[in-house]
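S.K.: In case you want the letters, here they are:
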Amino acid sequence: MTLERFLILGAILFGIGLYGALSKKHAIAVLMSLEIMFNGVNLTAVALSRYTVPQAFETASKFLLTGHVFTVFIITVAAAEVALGLAIIIAIYRTRQSVLVTDAKELNR
Amino acid sequence: MITEQLVWAIFFIPLASFCILALVVRPFFNSKSHFSGPIAVISIGISFILSVMTLVTVASNKNHGQDWGTHSWLEIGDFHFTVGILLDPLTAIMLVVVTGVSLMVQIYSMGYMKPSSHEPENNEHHGPEELGNPVYARYFAYMSLFTASMLGLVMAANVVQMFVFWELVGLCSYLLIGFWFHRPAAAAAAKKAFIVTRVGDFGFLIALMYLFFKTFTQSENYLEIHVINANLPGLVEAGVITGGALTLIALGMFIGAIGKSGQFPLHTWLPDAMEGPTPVSALIHAATMVTAGVFLVARFFPIFEHSADTMMIVTIIGGVTAIFAATMGLVSNDIKRVLAYSTVSQLGYMMLALGVGAYGPAIFHLFTHAFFKALLFLGSGSVNHATGTFDMRYMGGLRKKMPITYITFLIGSLSLAGIFPLAGFWSKDEILLNAFKDGDVISISMMGFLLAIIAVFMTAFYMFRALFMTFEGDFRGGSEKDPEAQAHGPVHLAESPFPMVLPMIILAVPAVIIGFLVNPIVNIGIPKHWFTYEFLGKALDYNYHVHTAHHQFDLLLAIVSLSIALLGILLAWAMYKRNPYLAPSTLGRVSGPIYTLLLNKYYFDEAYERFITGKIYYRGIAQISDWLDRNIVDRIVNIVGWLGANFGSLIRELQTGQTQMYATVTSVGIIIIAAIYIFGM
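Chains as they are written, first to last, in this note's numbering: chain A, 67 to 175; chain B, 31 to 711.
Hints were generated in silico from the structure; no laboratory data involved.
There may be inaccurate statements among the hints.
[To be verified] Here's a subset of chain B near chain A, in silico, CB distances under 8 angstroms, partners left out:
1. N676
2. S679
3. Q685
4. G687
5. Q688
6. T689
7. Q690
8. A693
9. S697
[Said to hold, decoys possible] Quick look at which bits of chain A chain B covers, simulated, 3 or more residues with Cβ under 8 angstroms:
10. 76-90
11. 98-109
Note that CB positions come from ideal geometry on N, CA and C, so glycine has one too.
Extracted from the complex, chain B is given alone in its bound form (with noise of 0.2 angstroms):
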């Protein structure tokens, strides 16, 4: 059914799409650009559908793969580089995510990024217009090489052919979250995401090269990722290579992890990513840059389970992720930042789960999470696109004006808050019964637990606070209030128009049954726990696997989750209903230090900025590198210089101007060279 070229499709479709968009559309066709959004949309469509194929074929087929093997793109001696495809279950699962998100979000742009030149008679304000279209055919020539680079990077066969794609999809976060290029803090969160997660990409790249160095002398090729993952741990048992030296790469890859995924203490370019065009939020945030960290670590998972000390900092860091985050979303005010600080903390749960070997369950959330949070964001456009603003406190009383953006985020928070029976309530479960099944009683799988457990609560509140204030109470102004709002045209407070409702009703069906759907806890025609064991087990199908966690549903432990997560929606009503019984400002009050501490984000920032950039880079490296170039570098060049000054006004003494002078150096050289030929020196 499915066939290589057909594969390969779906990556090359985009990238053409792109190609046409950036190369074709933008520098000749300015006046066509509307054309833009439409060429995008067909574009990933036609991906989606392949993806989706895709996706059958791998689940019909009965091993759960295909092996195409690999060509062959570079030859240096007895080097061969390789470049292919590797279909397993996690990547058909990949490329269905990937591609059913941005066909909703661009089908989403082509609503939110519209100029207003084309609807005049609708005062819209969200593209930057002084620009004029060209605008129109960048953005979509930027998400058609996102969406392509991501799904290249899920279809690697070759790690470093994923490396190349993992750049890619760093440099078009960068084009996207600094897409609005002339406002400064736009600028500023670009370079940000992309500076942070080049620390990550570091760490990456470094275990890529001990790799190489560990195994090169190897007959088999260990740049291809099923040879690393069947054969590595075997190198371990035979001595080979040492367990520290698997340790290592392991170690590596999970900085770059961090670094993509914003897991702790990398997080701080997230939040701040949120200056990007929010349909490019959504993206990030669903499906293309900060899953591919989950991904990295899931497709290396082989590797990690045979580190017992990475699976532990894997644990640990999740676990702190999910709970750090969640305390920072609580008092938000930017109802982008919420989910920013949301989908940090769902990304802990994920890391959290690899970490306790959970692998089924943390690729279970990333795909329920995908729709629920795209939802979220889309949503949140929508009501920006209202308003103005993205600050809550200006917010309010939107729930009869856009009652579908309303009933859409009410099913997406419902859902990321764990509620019973939506998506995200199947797979938070899952990840919480493994983290509380995997270890005993004092354990880190049971910190980690414990973490998220909390992190639940915090979730459903900080989800229901946003919620509460967006649509609940009385309008408070939008734009028109918010000092710091960046639109400029009157507040409309009406439904978004149906390109931008569209996806979020499409959106809304997966948040609500994907969950079950795929991965019910009876059998259902549908085998029971198909998605996280039976289909996304056999991904891990190789020779060293160690751990398999088979915990099945466990009804106590679903209630006690429910019922923390309802406790926080109770908590939430209760701060920020119409006369609230516990008004938010006493608890500011009274919490005071931690308050503060939890506004500015633990002062991460500040703390980079003072202590890594001021103290150590600006101090150390830059001080080191300033002298070392004024003494060394600057000192032999003007040794140089000064010695051609010198040499050259000896010889130009030489130069008198008098000819006769000139005519007798002449005719001596004349008469020497004569000299020499005739008696032969």
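Extracted from the complex, chain A is given alone in its bound form (with noise of 0.2 angstroms):
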């Protein structure tokens, strides 16, 4: 396994992802479009942080886990985010009876 392939897969992951959280219509499926790009940013950074650490660094502590924390903060802060635009769904929807994100556009005025 090279760097290069989880590079290209983590590549995969986000452009399928900002291509759902840019077409999509419904507000849930944008959110979930989100969290495949969080993931797909997350694989690079853990697979850097394996790759590209200097040699005498593995020697000494054998890992260095700079990508690893990322990931885990990453993760961390998808969660709150993610509960928090669930319940911006939610107060949307109950005023204007839709999820729809074409349909919340009041950003024109």
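Assemble the dimeric complex from its two separately framed chains, guided by the hints.
M.R.: Next up, the structure:
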């Protein structure tokens, strides 16, 4: 397994997520797409951390966990964000009986 | 005896008085505003003492001058703008005239302007009472600034420095003529004075710019007055500038003088300026404002002398003004307007004298005129104080009620009419003599002389007409009968309070003796013709001095002018005595159209209004400006606005409110940036 394969998979995940986030009408689907993007980034971070740490560090402490720590943070933040996002979606649904992002276009006012 | 600091103090003390009154008393201590009169009087009193010291020093100096050099104020590249004091006999005399008259006027003002709240037992009615005491502080603040400006003007060593004070004098005249600004006539008169003199100022300004443009390559600084006077004629002789350029400069300055001194045809503001408080009129007419024009011509006399054309124009304007204003004075019913026309007429005499090269006599007349004209104005204010009106048709019979005012007014009138041996006789005689001796039988000077000698007759007539109408006969009602009177209080026929009477008595003394005292025709300890030739001649001690009029006293001419003046008085007596031999109404009916013409001031105001303002200004300049504004300025603005609106409506379509749209654009943007970064485009 080489670094490239991880990065390609990460990029594919990110691209799929981005496409979903930009094209899906349903707010829940947009949130799910965002999760896919997060995971693409997480994968890239861990892979880079594993493969590009200098040799000297590797002998001294076997692993350097920078990327892993980042990933844990991202997962945590993403969980909080999804909770927040769902709350917003419910609030929007209550006011206008719709969860379509195309219906929430008050920003042009 | 006198140092430069002390001469500066003459100017700075009244200025400090203005600052104290305008910046401290007026805003913060209105309840104490009755102190503002004494503050102003004391400061101008100190200036007066210093001025007298200056005059004595200058007179006792061997070369009658004092040069302290100039101080650099501003440097732009090679150009040095300097300020300083030019102290020569002319300046010294003007300092004494300005401070002396101003001192008397301000003492008088303490009585005349006194708000009634300070004297509840004496119901006076001159200040606009509804405005309360602040008026008192404002009045004295303006008076101090006016005096300071005029002092700055006469002592200026640099022509730009002079111009600054020249404009300040104009500003102060505006403020003081419009002092009772709640009265529409006063507000209009103030505007008129400012705008009409502005026409003249423009000529002065152009002359300055032209002078600078022609001489800025020279090594000397041609903005300094003594350099101009000493070297400019030399530049013409050396061929650096043409004689025409010199004439243009002199002419521009003379236009400034015409505006300030109310000469024909810019005289229209002066009679209207009578709307101001009477002491202000006294100050304007005797010392500060109108003498500035004569002073300007006198100051640059060496230049004027070198331009025969300009001298001719000065002579003509002076002579025409002298008689033109006098004719209007013949029929005016307002005592202050009679005096105003007489001032214009007397200023015409001074200009005439300057025009024929009689520098000394012109300043001599300015000097004596300042005293008796201030006296006459203060007298008219005193009369107004008693009767509440300025219209002589509603006065009469005041001789018994106001003896001091009567006697001082009589002295002033005799002096102005040129009756031997009062001050006015000597100075007027010098002018007539020089105009008479200057030219041939048919010459401009002779024309000026003839106009002036007719004006002598008219002056005597209108002054004694005013005197008889005001003080003789029976009292005709005052403000209670006059429908246009400004005052509301009751008529109280009594002598004015002490602060008003005192300056009149003091001014009556020089009005009698000063003419013979400073310029005697025989040696009386003071050398013969000391003032005009010995003393003032030194003010002209420049390299290129050409014109030295040294005509001696001529007995025959003096008798002629004296008898003409007496004839004028006799005619006034015949027309305005109790049972007139010749009723004024008969004469008015006989002369018909001429009387109407004079009463309407030759329709000058109407002509200016209809033709200059109506035709040239409204129809011409204003319409062109209007077209330019509508079609060019407005159109550019509209185009700019239209561009903004339409460009905005294009961009507006992009803002859909669809967050996914925004995110897409952002993403594409990031991808493009990343691509540029990665592939190194």
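S.K.: Could you run down the list of hints and mark each one as holding or not?
M.R.: A quick look at each hint next to the structure:
For N676 (chain B), the interface hint is violated, since its Cβ never comes within 8 angstroms of a Cβ in chain A; the closest pair sits about 19 angstroms apart. Checking S679 (chain B) against chain A by beta carbon gives a least distance of about 14 angstroms; that is not within 8 angstroms, so the hint is violated. Using the Cβ-Cβ criterion of 8 angstroms, the hint placing Q685 (chain B) at the interface with chain A is satisfied: the shortest such distance is roughly 5 angstroms. A cut of 8 angstroms between beta carbons decides the hint on G687 (chain B): the least distance to chain A is about 3 angstroms, and the hint holds.
Satisfaction of the interface hint for Q688 (chain B) is found here, the shortest Cβ-Cβ separation to chain A being roughly 5 angstroms, below the 8 angstroms cut-off. The interface hint given for T689 (chain B) is met, as the beta carbon of that residue sits about 6 angstroms from the closest beta carbon of chain A, less than 8 angstroms. Satisfaction of the interface hint for Q690 (chain B) is found here, the shortest Cβ-Cβ separation to chain A being roughly 5 angstroms, below the 8 angstroms cut-off. Interface hint status for A693 (chain B): upheld, as the beta-carbon distance to the closest one in chain A is roughly 6 angstroms, under 8 angstroms.
At its closest, the beta carbon of S697 (chain B) sits 6 angstroms from a beta carbon of chain A; the interface hint therefore holds under the 8 angstroms criterion. Evaluation of the coverage hint for the stretch 76-90 of chain A: fulfilled, as 4 residues show C-beta separations to chain B shorter than 8 angstroms, against a requirement of three. For a cut-off of 8 angstroms, the count of residues in the stretch 98-109 of chain A with a CB near a CB of chain B stands at 0, and the three-residue condition is violated.
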